[in-house]
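Asker: Chain B: place on chain A using the hints.
Chain by chain, the residues:
Protein chains: 2
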Amino acid sequence: MDANKDKGDQGMQNPGGQMDRPAGFHFSESMLPKAVKRRVHALKRLQVQCANIEAKFYEEIHELERKYAALYQPLLDKRRDIVTGTVEPTDEECEWHSDREDEEQLAAEVKEKAAIEDAKKEEAMPEEDPKGIPEFWLTIFKSVDMLSDMLQEHDEPILKHLKDIQVRFSEPGQPMSFTLEFHFEPNGYFNNAVLTKVYKMKSEPDASEPFSFEGPEIIDCEGCQIDWHKGKDVTVKTIKKKQKHKGRGTVRTVTKQVPNDSFFNFFNPIKASPGVEMDEESEFTLATDFEIGHFFRERIIPRAVLYFTGEALEDDESFEEEELEEGDEEEQDEEGDDDDDDDEGDLDPKA
Amino acid sequence: MDANKDKGDQGMQNPGGQMDRPAGFHFSESMLPKAVKRRVHALKRLQVQCANIEAKFYEEIHELERKYAALYQPLLDKRRDIVTGTVEPTDEECEWHSDREDEEQLAAEVKEKAAIEDAKKEEAMPEEDPKGIPEFWLTIFKSVDMLSDMLQEHDEPILKHLKDIQVRFSEPGQPMSFTLEFHFEPNGYFNNAVLTKVYKMKSEPDASEPFSFEGPEIIDCEGCQIDWHKGKDVTVKTIKKKQKHKGRGTVRTVTKQVPNDSFFNFFNPIKASPGVEMDEESEFTLATDFEIGHFFRERIIPRAVLYFTGEALEDDESFEEEELEEGDEEEQDEEGDDDDDDDEGDLDPKA
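Protein chains in written order, with our numbering: chain A, 457 to 807; chain B, 457 to 807.
Source of the hints: derived by calculation from the structure; they are not laboratory data.
Glycine included, C-beta positions come from ideal geometry on N, C-alpha and C.
Do not take every clue at face value.
So the derived list for chain B, only partly shown, Cβ under 7 Å to chain A, looks like this [as the list claims (entries may be wrong)]:
no.	residue
1	H497
2	A498
3	K500
4	Q505
5	L527
6	Y528
7	L531
8	R535
9	I538
10	P545
11	D585
12	F723
13	V761
Bound-form chain A, shown alone:
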């Protein structure tokens, strides 16, 4: 299910970002003798052939993802059933010994004391037992920056009805794409049981730029029509405006509907019209949308519980810290390199 993420050792991806032509080293293809330049062109042609083979490799990866999506599905269905309260997991299914919070925050004796108090509390009042895991997806939306940026207060009561988010891959032989499905329980806001967003991908090298091919790329997306109940559409708002008649000086109030910030605008993305160039703002909005779609597919859907508990967020944070530390050490390392020549500590006083 993870075809678009780094397939390997995390923290080593895109090391290319570190590269620049070092100052002082200048090389240009045009400086080469003609016969050599000719051979370099032959290598470039071979490189194009490699890119075409690579495109087939990515198609096979996509197939592999389809195959594995089917293997994950029973586990993801089980997750949905536990989240919605349709299924109550058995004691065995809930065993979880390395509860980090307990380990970190409570020493053994404190734990015991707490257990006694818990027991008292339980006696005093019937235990709170809501259905399933309430606000599971809403909590994730609130926790993850990329999603909370889109989230408005008026979206929250609606997202409490979100039961599941799933990803579906395109069938073999079809143009490569994936569909995000947002499954809702019946609610007072719209009639749709599922809201969808399709991301279309391109997985072959561009004829004009074969060397820039780096694997499948999202090139377009499509939302869906939300069948809002009357007056419940949070993606528009009604504003009142006072209008003064220039000639008569009379003032009247008119109402008009204007677009409103909402997560649900996610299902009505900007469309790229073929042949029409987009302005920069639209381009950025669309790029962000692609990033969010990619993030749902790669991170949120496969590991939702870790975003719910915050464990996935902690990983990201600790990863950032690690990077900073490495930078510090690099400086130390460089200093150390020059020590060899003036190391007087090796002098043998007995000589």
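Answerer: Relative to chain A, chain B alone:
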């Protein structure tokens, strides 16, 4: 051949880096009612099962890479033969119309004039025609920061004899690894025809930290013994030191061999001893080594010609610029969002 890099839309990888718990939103698993916490634990157990399935997915990716490595090999062999001058490509194999430098630097008429002058020059003196593509790999070493950082002046004449760099994947059923092979033509420095560096990988989730699994990871590496000709080992240097006898006050000069900076130290990496904790500097040195190994495998070997011409470096640079621009646009976007309410431009003067 690209298992460790982003399998998908470049520029969207690791969007997780953007995430932080937003200020003001605090959630803790321990705040949950007992029954809900229990269900969350059930989800965590499902998540561990997902990680185990994911490990199998990565094994299949590795198989797919082996399969594709065989498909690339004839093209890479051809590359080597052209680089070394063993094979002269045909005119058809060298056709390359979109020579960017020509297009950019020369207008059509200038081009024509240059062609006439070229022809004159060719008449005047026999055309320079070295064998193959001289200093192909050395040029790449000089162009790529990560490699030029390791490169010393005394390494350069040796690397002129580098014929090819290849990657070999571990056989099915064997522990996952890849081997970098540096093929040299006979030279005056060492007897080895091939220098090797093996990178061992781990591709299953850690039992103690199953959620941190992100795919195969380099965990260890092994170099090779270089059989240097006498006095040619650039990884050591002989230094002279004056030693003063404390009692007698006499001074004598002694020579000793100390480690010397060189790319060829790449074949004698720091060894992680099991059970012994590494100091920070060694840990950093090893992490850098893993990164370089990964970079050879993922970028340099598959697209060497693009690092030779600099095209791969330009891509990396323009990618960085793009990121900066996006940041600027984000600010614009946010400003634009608040325009709806105080937009007086919509007032109809005719009302």
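Asker: Each hint needs a verdict: does it hold in this structure or not?
Answerer: Cross-check of the supplied hints:
1. Of the supplied interface hints, the one on H497 of chain B holds, with its beta-carbon coming within about 4 Å of a beta-carbon of chain A, less than 7 Å.
2. With a cut of 7 Å, the hint placing A498 of chain B at the interface with chain A holds, because the nearest CB-to-CB distance is about 4 Å.
3. For K500 of chain B, the shortest C-beta to C-beta distance to chain A is roughly 6 Å, which falls under 7 Å, so the interface hint holds.
4. A distance limit of 7 Å between C-beta atoms decides the matter here; for Q505 of chain B the minimum to chain A is near 6 Å, and the interface restraint holds.
5. With 7 Å as the threshold, the beta carbon of L527 of chain B comes within range of chain A, its nearest partner Cβ sitting at about 5 Å, so the hint holds.
6. Against a cut-off of 7 Å between C-beta atoms, the interface hint on Y528 of chain B holds, since the closest Cβ of chain A lies about 6 Å away.
7. Hint on L531 of chain B holds. Least Cβ distance to chain A is approximately 5 Å, under the 7 Å limit.
8. Interface hint status for R535 of chain B: upheld, as the beta-carbon distance to the closest one in chain A is roughly 6 Å, under 7 Å.
9. This hint holds: I538 of chain B has a C-beta 5 Å from the nearest C-beta of chain A, less than the 7 Å allowed.
10. Look at P545 of chain B: its Cβ gets to within about 4 Å of chain A, closer than 7 Å, so that hint holds up.
11. The beta carbon of D585 of chain B is positioned within 7 Å of a beta carbon in chain A (closest approach about 4 Å), and the interface hint is therefore held.
12. Nearest Cβ of chain A to the Cβ of F723 of chain B: about 18 Å, over the 7 Å cut. The hint is violated.
13. Because the smallest distance between the Cβ of V761 of chain B and any Cβ of chain A comes to about 4 Å, under 7 Å, the interface hint for this residue holds.
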